[in-house]
Structures are given as structure tokens and as C-alpha cells.
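> Use these hints to put chain B with the ligand onto chain A, whose structure you have.
If you read the sequences in order, they're chains A and B.
Read in order, the letters of the first sequence are residues 81 to 444 in the numbering used here.
Read in order, the letters of the second sequence are residues 22 to 345 in the numbering used here.
Honestly, the hints are just simulated from the structure, not real lab data.
Keep in mind that this is a model prediction, so the values were computed, not measured.
For glycine and all other residues, C-beta sits at the position ideal for the given N, C-alpha and C.
Some hints here could point you the wrong way.
Claimed, not checked - DSS-like mimics (lysine-lysine), calculated; alpha carbons at most 30 Å apart, straight line:
no.: 1; chain 1: B; residue 1: K301; chain 2: A; residue 2: K381
no.: 2; chain 1: A; residue 1: K381; chain 2: A; residue 2: K407
no.: 3; chain 1: A; residue 1: K140; chain 2: A; residue 2: K262
no.: 4; chain 1: A; residue 1: K264; chain 2: A; residue 2: K407
no.: 5; chain 1: B; residue 1: K288; chain 2: B; residue 2: K236
no.: 6; chain 1: A; residue 1: K300; chain 2: A; residue 2: K407
no.: 7; chain 1: B; residue 1: K301; chain 2: A; residue 2: K428
no.: 8; chain 1: B; residue 1: K288; chain 2: B; residue 2: K301
no.: 9; chain 1: B; residue 1: K228; chain 2: B; residue 2: K295
no.: 10; chain 1: A; residue 1: K407; chain 2: A; residue 2: K428
no.: 11; chain 1: A; residue 1: K381; chain 2: B; residue 2: K228
no.: 12; chain 1: B; residue 1: K258; chain 2: B; residue 2: K237
no.: 13; chain 1: B; residue 1: K237; chain 2: A; residue 2: K300
no.: 14; chain 1: B; residue 1: K293; chain 2: B; residue 2: K237
no.: 15; chain 1: A; residue 1: K381; chain 2: B; residue 2: K295
To be verified - Partial list, computed: chain B residues near chain A (C-beta under 10 Å):
no.: 16; residue: I230
no.: 17; residue: I232
no.: 18; residue: W276
no.: 19; residue: Q303
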Amino acid sequence: MRTLPAYLQGISRVVVDATVANSVLAQRVRERLGNLPWEVLAEDQFLASGLAREDILYLKNYKGRFLRFCPGTSHYQCCGYQIIHIGENCPLRCSYCILQAYFQDRVLKVWANQDDLWRELDQAFSAHPGRRFRVGTGEFTDSLVLEPLTGYSRDLVEFLANYPQVCLELKSKVVDLSWMDKVKDPRQVLPAWSMNAPFIVEHEEEGQRATLEERLDAAKTCAQAGFRVCLHFDPIIYFPGWQEGYAQTIALIFEYLRPQDIAYLSLGSFRHMPDLRRCIQENFPDSTYIYGEFITGLDGKQRLLRPLRVEQFQFLVTALRQGGLDKQLYFCMESDEVWRSVLGRTPKDFGGLYRYLMDRAFEK
Amino acid sequence: MNVPDLPNISVPAPQLFLCSAQEVDGQGEWLFWSKAPSPILEQSIKDRGQLVPVVVDASGSRPVLIAGAARLQVLSALNRDVLCLDVGAQSLWDKGCMYLASNSQEIVDDSRLVFALRFFHALDAGRLGEVFSALGLDPRSRQARLALSWLKLPRVWDELLAMGHLSLPCAVGLCSFDPDDLQTLFPFFSTWSWSRSGANNVLTWIKEIMIRDRKKAAAVLEALGGQEILDTQLSPKDAMTTLSAAIWSMRFPHWSAMEEKFSTAAKAIVNKTKWQLSHKDQFETGFVELTTRVANGSELQQAITDLVALGSHPMWDELFEEKD
Ligand code: SF4
Chain A
81 MRTLPAYLQG
91 ISRVVVDATV
101 ANSVLAQRVR
111 ERLGNLPWEV
121 LAEDQFLASG
131 LAREDILYLK
141 NYKGRFLRFC
151 PGTSHYQCCG
161 YQIIHIGENC
171 PLRCSYCILQ
181 AYFQDRVLKV
191 WANQDDLWRE
201 LDQAFSAHPG
211 RRFRVGTGEF
221 TDSLVLEPLT
231 GYSRDLVEFL
241 ANYPQVCLEL
251 KSKVVDLSWM
261 DKVKDPRQVL
271 PAWSMNAPFI
281 VEHEEEGQRA
291 TLEERLDAAK
301 TCAQAGFRVC
311 LHFDPIIYFP
321 GWQEGYAQTI
331 ALIFEYLRPQ
341 DIAYLSLGSF
351 RHMPDLRRCI
361 QENFPDSTYI
371 YGEFITGLDG
381 KQRLLRPLRV
391 EQFQFLVTAL
401 RQGGLDKQLY
411 FCMESDEVWR
421 SVLGRTPKDF
431 GGLYRYLMDR
441 AFEK
Chain B
22 MNVPDLPNIS
32 VPAPQLFLCS
42 AQEVDGQGEW
52 LFWSKAPSPI
62 LEQSIKDRGQ
72 LVPVVVDASG
82 SRPVLIAGAA
92 RLQVLSALNR
102 DVLCLDVGAQ
112 SLWDKGCMYL
122 ASNSQEIVDD
132 SRLVFALRFF
142 HALDAGRLGE
152 VFSALGLDPR
162 SRQARLALSW
172 LKLPRVWDEL
182 LAMGHLSLPC
192 AVGLCSFDPD
202 DLQTLFPFFS
212 TWSWSRSGAN
222 NVLTWIKEIM
232 IRDRKKAAAV
242 LEALGGQEIL
252 DTQLSPKDAM
262 TTLSAAIWSM
272 RFPHWSAMEE
282 KFSTAAKAIV
292 NKTKWQLSHK
302 DQFETGFVEL
312 TTRVANGSEL
322 QQAITDLVAL
332 GSHPMWDELF
342 EEKD
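The shape of chain A in the complex, shown without the other chains:
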């Protein structure tokens, strides 16, 4: 049996819905976690509320929609990508993680009825053979964090090989490249890693996440194998010493990657709803960045005062441009005013962010 990465060693039991207990995915998990207690839930049974813990892996027969639009936000430019929903929650502990506020519990849920997923995706993609899709799995979980147990991304890239009009982004804070050998056309997959200042990675990304160097090294491996990668500076956090911190990370990026290795790079300032703020206060009392100068944005979310956001964006963009990145840069959920004052262009200038990123994702 392979040794599990440290971030999965906290799992102490597996619960599975009876209807998916014999699924390929459940069998695979069973092989890999055979030593753990295994509990099957009959069709009318639910996970007891006392079991709402992160040490439980729940293989579920998911009844909802698998393919969805990213919720985006009003008044700000959204990138319009689509989510393939494969599960919920994450064993890592980033203080700023939105999932704390999204979900009531921390149970690691995986949708094990993959046949339903394949059916829904096939319907969606086949219904519009000429339409391109930019999809990702890193919205309600980390795309790769459960990969050693589920092999989900491996299955997904294999499935998507039949749909060349689909480009899949795998966004993560860990290093797992076990899916790579299943990819037929590297242009169809965009491995992506979150970037931040070393101080933030150190203090605000608890759990056994990969270091920046490990993430970039994995990105380099992908680039050398013919993939283009994505990087995401999100959330950018305002803290004492942020300039040096972000400068260091940007310098590191160019030690590992060439501009042409990067399909796109997003920049997003830390934004939050009151619920998330409460979670951070309770779960991460040492995280003081939430006491920054936040105002209520046009979408009702708290965001850093605009000149401070712009100051940070300008700093990062200048450094990234010096390294040779420009066309790859875009903002996550920002106003035209911020786009103009930092990048000197707005999404309208290049036909909308959705189209632009689609073009970049499919650029050959």
C-alpha cells in the first residue's frame, strides 16, 4: 500500500452511501483505506450530525447538478468559468478559506456516483459540440487534495479526452501529478496553483499544503511535459511587509517558469461576507488581516479600500510585467475602474473577460 500524504493521514473513517458502495470510486478508496472503519449508509440514512468532522471521508450519491456556473458577483467583472462539482470540503486549513462559511460541517465529501457525472457532462458537452468550455473542479474543494484516494482528476482527464472543446483547470495547493499520464492532449488541461506571499503561506495556510517552491516545481514539471499552467494570486492580503513578500514570490515564479509556460494568472484581493469574517475570528484568532480597511463593495461583500487594492495590484503587476507577463494577467472580481487604473485596459477592450480567458485557455 502506498503511503498517504500527510494531509490525508487525519482521515479516521469512511462513510459511504449504500447506492455507491460498489462504485469504481468507492472500490478504489476501499483499496487505499482498507485499514479504516467503513460504514455503509442505507438509502434513508443520513450522516449523524455528531459526525460533522474533517476526519471523515464521505462517499456520497450526489443528487444535485454537477456542472454549474461559478457564482461570480454583481457589479464586478467575473471570469465566467464553469464548475464541475466533484465534492465538498478540504483537509487543509487556510484561514481565508470561503468553505468555512459555505458549509456547515467539515466532512470530506466526494460524489461517488461518477456515472451520473459522466452522463451529465456528456449531455452538456455533446449538446453544443461547437461551443468551448472552460471548466474547473477547484471551487468547493481543492482539485487535487483527495487525488491519492479517489483518483478523481485522473478519471476526469481521461473522460474529457473525448471532448476536445473542453479545457479543464485543476487548481490546488498540493502537489499531485498522478493524473498526468492519463492526459492525451496536454493542451486540454491547465494545472493551476495558488500563489501568495511567503508570510501568508506560512501563517495563513495551515495544514500540510505544499510550499511555494514545491508548487512551482510541480508547475515546471507540467510545463516541461507540454502543459501550460495557471497561477492565482488570490487572495492578495494587505499585511505589514506585503511588498517584500509578494516581490519574493514573483521572483520565485520566474525562477521556475517562463512567461510562455503560463496560460493566465489571476489577481484577486481578499474579499468576504460577514459570515466568513466570523469564521476567521473564531477559527483563526491570530489572523489579523481581517482588521484591514474594508469597505462594503458594490456587491455587498467586504473588500479592501480601493486605493489600497490598486496599490497592491500595481505593485504586483509591475513586477509580473518585468518578468514578461502581461496578456496573461487578469483580475478576479474587479471593477472596470480598477482594471483601467492598473492594467490600462478593461475586459470590454478585448471582447469580455469570459471570451478572453477562453481564448487564452485554448491558445495553441
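Leaving out everything else, chain B with the ligand in the frame of chain A:
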């Protein structure tokens, strides 16, 4: 003690008797809602005498008042005897309950709730359910939960609640401070009477500055000149406004600097006109808004003339970050 004639009943029953008002001990801690008698009660007792007996425990060397403090006070001032109903020896808890029952017609505002809970909580926190039901209050209600939070504060804060210097919802903010920080904050709330939102804002901002800068409340208030504001001759309203503004500036230094810069430029631009200039959306957009009101044609003409003139004011450059 003068014992009046009572009906001859065989079961032990409360006994009525008369005694001098000075003889009754009216200092019990269960008299938690005691207040000065109303002029109406004073007049009524003067004109018609005591119509309802006070409740006492006469089992000891002198009668101990359980309920009826206002009547006792009036009769004592009039130097009259007081008609007492002796209910015999009672536990502290039961004395409190009898006091509550005999004041059941009183309106239980936030401070009365806290005074009552403070008394019973010290005796047996596990039995507070009985008190809530005697008060007709759902223990899960927001008022009940806030009152229970308030009990975590030192008792001196109860008086500020009774004086209306603070309101019950401030319990949440106040409880987030350590005892020594609370002591630092106390003069700022004992001196002035705060609105609920004013107090909550100030408490929230101070707390957030403390966490952000890893400082104690004393250091924060010293840095923003809290004591000087406390000592000023300003009216309470102006002093509170000054203190709130100072705390806000410390909590949001960039934002407050932007507000100040904007207001200076805006004042200069619309000076001596009826136009008003404001910004929108907490600077989230670069838009500014010019407004005025006119009542007739000549005011309209004047407004247009002023608008044309202020359009070329050099201070606009201070406001617009996007240049033409
Ligand atoms: S890696 Fe992503 S999903 Fe996991 S805790 Fe961090 S932010 Fe949340």
C-alpha cells in the same frame, strides 16, 4: 409591636401586624428594583393611608422587609406605623421570588432584568429558568441571552445600563474585553450617554485596533488622546463625536485621510454656493455627486451660474483620479 386583631385561623398563615416604619430593616439585597417612591404613591398614602401591607419576615429580632420598599419609605418619612404581613423565615432565593411576585406589574426593562438576574445568578445560576418564567421571558430570547452576557461584566456596569449610558446589546462588545481593559473604558461610558450604535461602533473599533496592533485598551486610548477628550469642556455630544472620530481615524487611517482630503476640496469647490458635493460608495467608485435644491426660477439661474463657475475650480484635480 402592635399586633392587630386577626381572624382566628388554624393553619399557619401569614400574620398581619403594625409596627413603626423605622423598626423595619429595608436593606435586603433582594430589593433589587428599589427606587424612590413616586409622588402619586406619596400623596395616596398621605391622603388615604397604607392600603396594602408590606411583606416582611418577622422571625428575627426585627422585621425584615421582603417587598414594599416604596411604601415603607413613604411611611417612614411620614413617621407613621407600617402594616406588615409576616410570611415567616424565608431563604434568600424565596425572598427574591416574593419580591418579584409582588412587583409583577412592573415593566421589566433591560436594566431591571439584569438587576434581577444578577441577584438570582449569584445564588444559583442553575435555577435561572424559574426566574425567566416568573418574568414571562423566553430564556432563548435575544433579550435573555444578552442579559446573561451582561452578567459577565463587573457589577459597576449595571448602573450605566440603568442610567441609560449604554444599552443591553453592548454586552456582546463589552464582554470581549479583559477586566483591565474594561476598567480603562469605564470612564468613557460613565461620563457620557451613548446611543446603541455609537457605543457599539466605538467598542468594535477599539477592540479591532487592539487586536490589529496587539495593544491594550489603555495604549489605544492614550495614543488617540482619550483622556484629553474626557477632560475637555466640550458638550457631551461634541466630546463623543470627537472621540468616535479619533477612534475611527485610528481604525481606518487611509479611509479617514481620504474623507478629510475630499471634504476639504469639496468645501472649497462649492464655497458660497448652494451646491453640495459628495462621493459615493465609500470611494469604491471614482464618481462624485453634485446636488442642489431650487425653489424658483431665479434660484435656478443662480445655481446654473454657480455651477459654471465652480466647474473650473482648480481643486477638482484633487478629487478626480481619472484625468481627462
Ligand atoms: S486549499 Fe483551498 S479549499 Fe483547501 S482550505 Fe485552502 S482555500 Fe480552502
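> For every hint, state whether the structure bears it out.
Okay, the hints, checked on the actual structure:
Among the hinted pairs, B:K301 with A:K381 is consistent with the structure: their alpha-carbon atoms are about 16 Å apart, no more than 30 Å. Among the hinted pairs, A:K381 with A:K407 is consistent with the structure: their alpha-carbon atoms are about 28 Å apart, no more than 30 Å. With a CA separation close to 25 Å, the supplied pair A:K140 and A:K262 stays within the 30 Å bound. For a cut-off of 30 Å, the pair hint linking A:K264 to A:K407 stands: about 27 Å separates their Cα positions.
At most 30 Å may separate the alpha-carbon atoms for a hinted pair to count; B:K288 and B:K236 exceed this at roughly 36 Å. With a C-alpha separation of about 20 Å, the suggested pairing of A:K300 with A:K407 holds against the 30 Å cut-off. This hinted pair checks out: B:K301 and A:K428 have alpha carbons roughly 24 Å apart, not beyond 30 Å. Under the criterion of a C-alpha separation no larger than 30 Å, the hint pairing B:K288 with B:K301 is consistent with the structure, at around 16 Å.
Using a Cα cut-off of 30 Å, the hinted pair B:K228 and B:K295 is violated, with the two alpha carbons roughly 40 Å apart. Among the hinted pairs, A:K407 with A:K428 is consistent with the structure: their alpha-carbon atoms are about 14 Å apart, no more than 30 Å. In summary, the hint linking A:K381 to B:K228 is supported, as the alpha carbons are separated by about 22 Å, within the 30 Å threshold. Straight-line distance between C-alpha atoms of B:K258 and B:K237 comes to about 26 Å, which keeps the hinted pair within the 30 Å bound.
The hinted pair formed by B:K237 and A:K300 fails the criterion: a straight-line CA distance of about 47 Å is larger than 30 Å. Proposed proximity of B:K293 and B:K237 is contradicted: the alpha carbons are some 45 Å apart, above 30 Å. A hinted pair counts as satisfied when its Cα atoms are at most 30 Å apart, and A:K381 with B:K295 does not qualify at roughly 35 Å. Satisfaction of the interface hint for B:I230 is found here, the shortest Cβ-Cβ separation to chain A being roughly 8 Å, below the 10 Å cut-off.
Using the Cβ-Cβ criterion of 10 Å, the hint placing B:I232 at the interface with chain A is satisfied: the shortest such distance is roughly 6 Å. Below 10 Å, beta-carbon pairs count as interface contacts, and B:W276 has one with chain A at about 5 Å; its hint therefore holds. Interface restraint check for B:Q303: the shortest CB-CB distance to chain A comes to about 4 Å, inside 10 Å, so the restraint holds.
The structure does not agree with the numbered hints 5, 9, 13, 14, 15 stated previously, though it agrees with the rest.
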